[in-house]
Amino acid sequence: MLRVINAFKTSNEVEVKLFIEYFTNINMAKKFEFLEHTGDVKFRAYGKNVGEVFQNCALAVSSVFSRNGEINETGKKEFVLSENNYESLLYQFIEELIYLFDVDAFVVSRAEVKLTEENGKITAYVLVYGDDASNYSDLDAIKAPTYAEMYIKRLNNKKWEAQVVVDV
Amino acid sequence: MKIQKISENVYEIPKEGKMNVPVRIFASEKILKSIEKDKTLLQAKNMAEMPGVVKWVVVLPDAHQGYGACIGGVSAYDLKKGVVSPGQTGYDINCGVRLLVSDIKLVDFMKKRKDIMKSLGKDIPSGVGVKSGFSFSPKEIDLVLKNGVKWAFEKGFATKEDVSNIEDEGCIADADYSKVSARAKGRGMHQLGSLGAGNHFMEIGVVEEIYDKKTAKVFGIDCVGKVTFLIHSGSRGLGHQVASDHIKKMEEEYGFDKLPDRELACAPINSELGRDYLSAMRGAANFGFVNRQLLTFSLREIIKKYFPKNSLDLVYDIAHNIIKIEKHNINGKMQDVCVHRKGATRSFGPGRLEIPLKYRKTGSPIFIPGSMGTYSYVLVGTKKAEELTFGSTAHGAGRLISRSEAARTITPAQLGKELHDKDIILESGGLKGAVDEAPSAYKDVNEVVRVSHELGIGKMVARLKPLGVVKG
Chain A
520 MLRVINAFKT SNEVEVKLFI EYFTNINMAK KFEFLEHTGD VKFRAYGKNV
570 GEVFQNCALA VSSVFSRNGE INETGKKEFV LSENNYESLL YQFIEELIYL
620 FDVDAFVVSR AEVKLTEENG KITAYVLVYG DDASNYSDLD AIKAPTYAEM
670 YIKRLNNKKW EAQVVVDV
Chain B
47 MKIQKISENV YEIPKEGKMN VPVRIFASEK ILKSIEKDKT LLQAKNMAEM
97 PGVVKWVVVL PDAHQGYGAC IGGVSAYDLK KGVVSPGQTG YDINCGVRLL
147 VSDIKLVDFM KKRKDIMKSL GKDIPSGVGV KSGFSFSPKE IDLVLKNGVK
197 WAFEKGFATK EDVSNIEDEG CIADADYSKV SARAKGRGMH QLGSLGAGNH
247 FMEIGVVEEI YDKKTAKVFG IDCVGKVTFL IHSGSRGLGH QVASDHIKKM
297 EEEYGFDKLP DRELACAPIN SELGRDYLSA MRGAANFGFV NRQLLTFSLR
347 EIIKKYFPKN SLDLVYDIAH NIIKIEKHNI NGKMQDVCVH RKGATRSFGP
397 GRLEIPLKYR KTGSPIFIPG SMGTYSYVLV GTKKAEELTF GSTAHGAGRL
447 ISRSEAARTI TPAQLGKELH DKDIILESGG LKGAVDEAPS AYKDVNEVVR
497 VSHELGIGKM VARLKPLGVV KG
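Those sequence lines, one after another, are chains A and B.
The opening residue of the first sequence carries number 520 in the working numbering; numbering runs sequentially from there.
The opening residue of the second sequence carries number 47 in the working numbering; numbering runs sequentially from there.
For the record, the hints were derived by calculation from the structure and aren't laboratory data.
Just so it is clear, the structure is predicted and the values come from calculations on it, not from any experiment.
Careful, some of the hints might be misleading.
Ranges of calculated distance between the beta carbons of each label pair, as one might list FRET restraints [as the list claims (entries may be wrong)]: (1) A:E631 <-> B:K295: 27 to 35 Å; (2) B:I371 <-> A:E589: 47 to 55 Å; (3) A:E589 <-> B:A219: 46 to 54 Å; (4) A:E637 <-> B:R454: 42 to 50 Å; (5) B:A219 <-> A:K672: 26 to 34 Å; (6) A:G588 <-> B:P184: 33 to 41 Å.
Calculated lysine-lysine pairs in the DSS-like style (CA-CA distance at most 30 Å, straight line) [stated by the list, open to error]: (7) A:K672 <-> B:K206; (8) B:K85 <-> A:K672; (9) B:K101 <-> A:K549; (10) B:K294 <-> A:K640; (11) B:K85 <-> A:K640.
No residue lacks a Cβ here, since even glycine has one placed at the ideal position from N, Cα and C.
Bound-form chain A, shown alone (with noise of 0.2 Å):
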């Protein structure tokens, strides 16, 4: 840290290099976390805003799949989803994510959110890029998305945190 302070200090290049690198590695570890939960998944997924969260929940449900490893990027799939509020709307995300697992062997890497809202509708357009499950051979399935301890809300930093629990 104090060489991180440095890097204010005196405009070193490689003390810039590390300045970055450590708040680029706070931002990473931020999309995320798993939470202890004993029979099921449990994760928290952080954002600047709602789409920004709803993404960092499709990486969580990517790492699930592919149980901490990495999925490639060779296609991608496109939906839309509306409800009346947040957790509805997460909720049928990550089922649709599981879906296109279980129908298509489509396993997500990532996705694209955009929210809108209007008349108190929130529609998600969703671009997921992932891959052929049968790439892989030590997959993980998800049964289903829960409600279970499930919240969307605005924190005191007014940055976005979501908690989910899968059944697995």
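Given chain A, work out where chain B should sit, using these hints.
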């Protein structure tokens, strides 16, 4: 949370606050301590707040935290005032276990064990993204949902004896395939006949010890050294989608603001939506029975190659995630109630009409698989269970630690060594996934079964020692 000891192995959370009934915990002191560590009891309390719930909410010895309702939880509802709640039986509708027994001699099996395990690993469809190898049209799927194992019998996938040795003969009445969405059918149709992933498995074992000779004889497992086959699987993506679809419909129709947990979305039993869900759930349950039947068909085809003269006879097939309308004694009066079992095996004593004729004098067969590498048990249902637990007992060892903790603390090499030391062959897509289901991630199955036996909610009949496991 206030927990009172009622008697040996019985504890109670008395009715308080918004609870409509108390919670009864059936566990030893040791098990209770592990149950108290997560949100199991909070979830049981939430179940006790639901409208129309009767008598008490049951927490079984293998209970652990789930979503909405706890796993190893049973609740019963008054048919007029009560609700039906998909989250209280879970997404894996009719996840269940069947036991088959052969007259293959252990010594003969052991000579061919390696080859048989390899064949099973190769030819039993398991894991994720795997299609079953069977191919059925959407019209056939509708018949599966409606007729269950009767359909499998007509198609030559089941024997007459198979049909009579399955809960409800593998066909739950009042199933309606028109209440199952195209999306659900789409998810399930290519998976029918496959094991799935997670904790689903096929386990070959041997009868190692018999505790109740008379009952064991009726079950066909009266001889130590008999080779057995356990299949644990459910209704695959079809069942998961049926639950999801109806949770969505129920919260849209009835809201969730007043519920203690949004995952407990529900509808009155006596409503159109309640009836629709029950009809769809029964269809998914029939699909689950057929799934285990097709796995049995594939298993028999493989074993035939090695032992052409030996048949594999079905002892029984029983669900542990299901909703049933059953007669129970509620405050001194026998009445129909809607029983939700989630990770709970039905335990009915002698005489119940729901039990196949063959077992009506003994009580219903119960199977409690351990985790890979530990024992599995055969038990028999009791009148005491009908009195205490709405005719239910445990369904497995029950998880002790989370999957992430298992991944952190158990290495694939440790698991490999443990199984090697116990002389168990594991066929699995990958050891990384197998670690999630390692024996040390689960409670001690011996303790779970001992408590069930001592309480009398499921009496020990025999113990099976695993020889090989195909993991989903």
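Status of each hint after checking the structure:
Taken as a hint, the range 27 to 35 Å holds for the pair A:E631 and B:K295, whose Cβ atoms sit roughly 30 Å apart. In this structure the supplied range 47 to 55 Å holds for B:I371 paired with A:E589, their Cβ-Cβ distance being about 49 Å. For the pair A:E589 and B:A219, the supplied restraint of 46 to 54 Å holds, since their beta-carbon distance comes to about 49 Å. In this structure the hint that A:E637 and B:R454 lie 42 to 50 Å apart at CB holds, the actual value being about 45 Å.
Checked against the hint of 26 to 34 Å, the pair B:A219 and A:K672 fails, with Cβ atoms roughly 45 Å apart. Taking 33 to 41 Å as the suggested C-beta distance range, the pair A:G588 and B:P184 conforms, at roughly 35 Å. Annotation: proposed proximity of A:K672 to B:K206 is violated, straight-line Cα distance about 56 Å (limit 30 Å). As the CA atoms of B:K85 and A:K672 are separated by approximately 22 Å, the hinted pair is consistent with the 30 Å bound.
A hinted pair counts as satisfied when its Cα atoms are at most 30 Å apart, and B:K101 with A:K549 does not qualify at roughly 46 Å. For a cut-off of 30 Å, the pair hint linking B:K294 to A:K640 stands: about 16 Å separates their Cα positions. For the suggested pair B:K85 and A:K640, the alpha carbons sit about 34 Å apart, so the restraint of at most 30 Å is broken.
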